[in-house]
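Q: As given, the protein sequences belong to chains D and W, one line each in that order.
Under our numbering, the first residue of the first sequence carries the number 319, and numbering increases by one thereafter.
Under our numbering, the first residue of the second sequence carries the number 8, and numbering increases by one thereafter.
There could be a bad hint or two in this list.
As the list claims (entries may be wrong) - Cross-link-like lysine to any residue pairs, in silico, SDA-like; alpha carbons within 25 Å at most:
{"no.": "1", "chain 1": "W", "residue 1": "K49", "chain 2": "D", "residue 2": "S389"}
{"no.": "2", "chain 1": "D", "residue 1": "K373", "chain 2": "W", "residue 2": "Q48"}
{"no.": "3", "chain 1": "D", "residue 1": "K386", "chain 2": "D", "residue 2": "E333"}
{"no.": "4", "chain 1": "D", "residue 1": "K319", "chain 2": "W", "residue 2": "I61"}
{"no.": "5", "chain 1": "D", "residue 1": "K421", "chain 2": "W", "residue 2": "K49"}
{"no.": "6", "chain 1": "D", "residue 1": "K421", "chain 2": "W", "residue 2": "E63"}
{"no.": "7", "chain 1": "W", "residue 1": "K64", "chain 2": "D", "residue 2": "S325"}
{"no.": "8", "chain 1": "W", "residue 1": "K49", "chain 2": "D", "residue 2": "G334"}
{"no.": "9", "chain 1": "D", "residue 1": "K319", "chain 2": "W", "residue 2": "N35"}
{"no.": "10", "chain 1": "D", "residue 1": "K386", "chain 2": "W", "residue 2": "S65"}
{"no.": "11", "chain 1": "D", "residue 1": "K371", "chain 2": "W", "residue 2": "P110"}
{"no.": "12", "chain 1": "W", "residue 1": "K64", "chain 2": "D", "residue 2": "K373"}
{"no.": "13", "chain 1": "D", "residue 1": "K371", "chain 2": "D", "residue 2": "S325"}
{"no.": "14", "chain 1": "W", "residue 1": "K49", "chain 2": "W", "residue 2": "S80"}
{"no.": "15", "chain 1": "D", "residue 1": "K386", "chain 2": "D", "residue 2": "L364"}
{"no.": "16", "chain 1": "D", "residue 1": "K373", "chain 2": "D", "residue 2": "S342"}
{"no.": "17", "chain 1": "W", "residue 1": "K49", "chain 2": "D", "residue 2": "D399"}
{"no.": "18", "chain 1": "W", "residue 1": "K49", "chain 2": "D", "residue 2": "L367"}
Read the hints as simulated data drawn from the structure, not as lab findings.
Each chain, written out:
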Amino acid sequence: KNEVEQSPQNLTAQEGEFITINCSYSVGISALHWLQQHPGGGIVSLFMLSSGKKKHGRLIATINIQEKHSSLHITASHPRDSAVYICAVVGSGGGADGLTFGKGTHLIIQP
Amino acid sequence: EPEVTQTPSHQVTQMGQEVILRCVPISNHLYFYWYRQILGQKVEFLVSFYNNEISEKSEIFDDQFSVERPDGSNFTLKIRSTKLEDSAMYFCASSGQGDHNSPLHFGNGTRLTVT
């Protein structure tokens, strides 16, 4: 069973700071998702990646398959980025157990 | 942009009662999922559904749970006899193709409270 660890668990930063959230996993995967959970509970998919790097607006996600590690970066952070960011992985066997989720990183961006 | 919609947003039920949580996935999507999140814990996979049958399920998805796509638009999760530990937020999601190697679209969730 894949163990998905995220760090930090909690992060408070000032508006404009560059944010990095890390995700590591124990067993090889076929894909990794980064999700954003709003204070009201709703979940939004940010990225799905299996190699390299993806960018969308101020968000950048990278993955290193050999090191079993992914990072989510937020440039020029803004209070509206405050949310829980969740990493979830798909096993290399094709997802026989569905997605395995990390516990999430609670991000607060202060004005 | 098309959305996954879930109803109700909050359901309160007594232990032992049956509940049905409803979801309307994005119309041209083919793969449907249920997840749950117990308060303060991480999200957990329950079940995936494709071509009118379950394609994967987790250990959590025991005989008390069932899923159905009764018509062309709804996707439901039934809990036959609710227990206190079923209290959680339940999320429905859909994707257009493939297994979990495709972008997922989540609903806003149904908060189930079992008393």
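Q: Which of the numbered hints above does this structure break?
A: The structure conflicts with hints 2, 3, 7, 8, 9, 12, 14, although it agrees with all the remaining ones.
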